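Colleague: Everything in the sequence shown is counted per UniProt numbering, starting at 1 for the first residue and increasing by one.
None of these hints come from the bench; they were simulated from the model. Here the structure is a predicted model, which means the values were calculated and not measured. There could be a bad hint or two in this list.
Taking lysine-lysine pairs in the BS3-like style, the calculated list, with each CA pair at most 27 Å apart, reads [said to hold, decoys possible]:
#1 184 / 75
#2 126 / 74
#3 74 / 190
#4 250 / 33
#5 166 / 190
#6 121 / 97
#7 172 / 188
#8 119 / 97
Label pairs and their calculated CB-CB ranges [to be verified]:
#9 164 / 82: 38 to 46 Å
#10 43 / 82: 33 to 41 Å
#11 40 / 75: 17 to 25 Å
#12 227 / 145: 37 to 45 Å
#13 120 / 49: 39 to 47 Å
#14 201 / 160: 40 to 48 Å
#15 127 / 76: 30 to 38 Å
#16 234 / 82: 21 to 29 Å
#17 177 / 70: 20 to 28 Å
#18 233 / 60: 37 to 45 Å
No residue lacks a Cβ here, since even glycine has one placed at the ideal position from N, Cα and C.
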Amino acid sequence: MDLSELFWNATMPELKQGYILEKDCYICLLCGKEVEKGIIYPSENILYEAERYMRLHIERTHGSVFDYLIGLDKKLTGLTSHQSQLLHLFYQGRNDKDVQQTLGIGSTSTVRHHRFVLKEKERQAKTFLAMMELLKEKDEYAPAFIPPHTTAKMVDDRYAVTEKEKQETIKKFFPDGTTGRLEKFPPKEKQRLIVLRELTKRFDNEVTYSEQETNCILEEVYEDYVLIRRYLIEYGLLDRTSDGSQYWLKS
1 MDLSELFWNA TMPELKQGYI LEKDCYICLL CGKEVEKGII YPSENILYEA ERYMRLHIER
61 THGSVFDYLI GLDKKLTGLT SHQSQLLHLF YQGRNDKDVQ QTLGIGSTST VRHHRFVLKE
121 KERQAKTFLA MMELLKEKDE YAPAFIPPHT TAKMVDDRYA VTEKEKQETI KKFFPDGTTG
181 RLEKFPPKEK QRLIVLRELT KRFDNEVTYS EQETNCILEE VYEDYVLIRR YLIEYGLLDR
241 TSDGSQYWLK S
């Protein structure tokens, strides 16, 4: 199961803490870092047990789970840019007057109205989640969609991919298996997305690669490695420095 599936299949408590325990290993739901249970990890001359070290990792690498979640694409959060700003300020513990002055909006009563709207959104979300859970028990014809990756820049119809479509596409474009070469670059965007997500498995999420190293990995897959690299960036799967000298898996 890849990181996106782990993220979307996590329970609410797991999502809030930002990691899960799977097979004696703590896995960060935000970047995929793994910490083995039962091992003591040193950091700045202090020893930490595994779970505490994972919490430290999230704090130092991601700031907080809240910061990570609020930074997701609005198609994934369902929030407008304005609502994201409000939530971020509320999370910082700012009072209504501070929020009103920071955003330059109406009055404190305006801010209280926004709080009410967000609370309504929370109630709607709970109701919707309950209905979807009940639906799972009855809807035997629901297709098994592949969850979108959390770093997706724009979630649209390209992401409506079922498990069956994924396997058919992989078989078609990787005739020698996913460790082999790409026969041709898919013409359809949905197929491209499937192929590109598969290619990310060739990168280690804890390694920063030079441009040459990135090109070498991709050239083993496809002749036009520059094309592949560009699409990995475009789909939010790979990130790079402004000068293009270093690349890493986006998380």
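Colleague: Now, for every hint given, state plainly whether the structure supports it.
Modeller: Checked hints:
1. 184 / 75: Judged against 27 Å, a Cα distance of about 30 Å means the pair is violated.
2. 126 / 74: holds, 18 Å
3. 74 / 190: Measuring from Cα to Cα gives roughly 20 Å; hence the hint holds.
4. 250 / 33: holds, 12 Å
5. 166 / 190: At roughly 9 Å apart (the allowed maximum being 27 Å), residue 190 and residue 166 satisfy the hint.
6. 121 / 97: holds, 22 Å
7. 172 / 188: Distance of about 13 Å is within 27 Å: holds.
8. 119 / 97: Roughly 19 Å separates the two Cα atoms, so the pair holds.
9. 164 / 82: 38 to 46 Å: holds, 39 Å
10. 43 / 82: 33 to 41 Å: Distance hint for residue 43, residue 82 holds at roughly 38 Å.
11. 40 / 75: 17 to 25 Å: With Cβ atoms ~41 Å apart, the hint is violated.
12. 227 / 145: 37 to 45 Å: violated, 27 Å
13. 120 / 49: 39 to 47 Å: holds, 41 Å
14. 201 / 160: 40 to 48 Å: 22 Å Cβ-Cβ, so the 40 to 48 Å window is violated.
15. 127 / 76: 30 to 38 Å: Roughly 19 Å apart at Cβ, these two residues miss the hinted range, so it is violated.
16. 234 / 82: 21 to 29 Å: 27 Å Cβ-Cβ, so the 21 to 29 Å window holds.
17. 177 / 70: 20 to 28 Å: Because 39 Å falls outside the window, the suggested range is violated.
18. 233 / 60: 37 to 45 Å: violated, 26 Å
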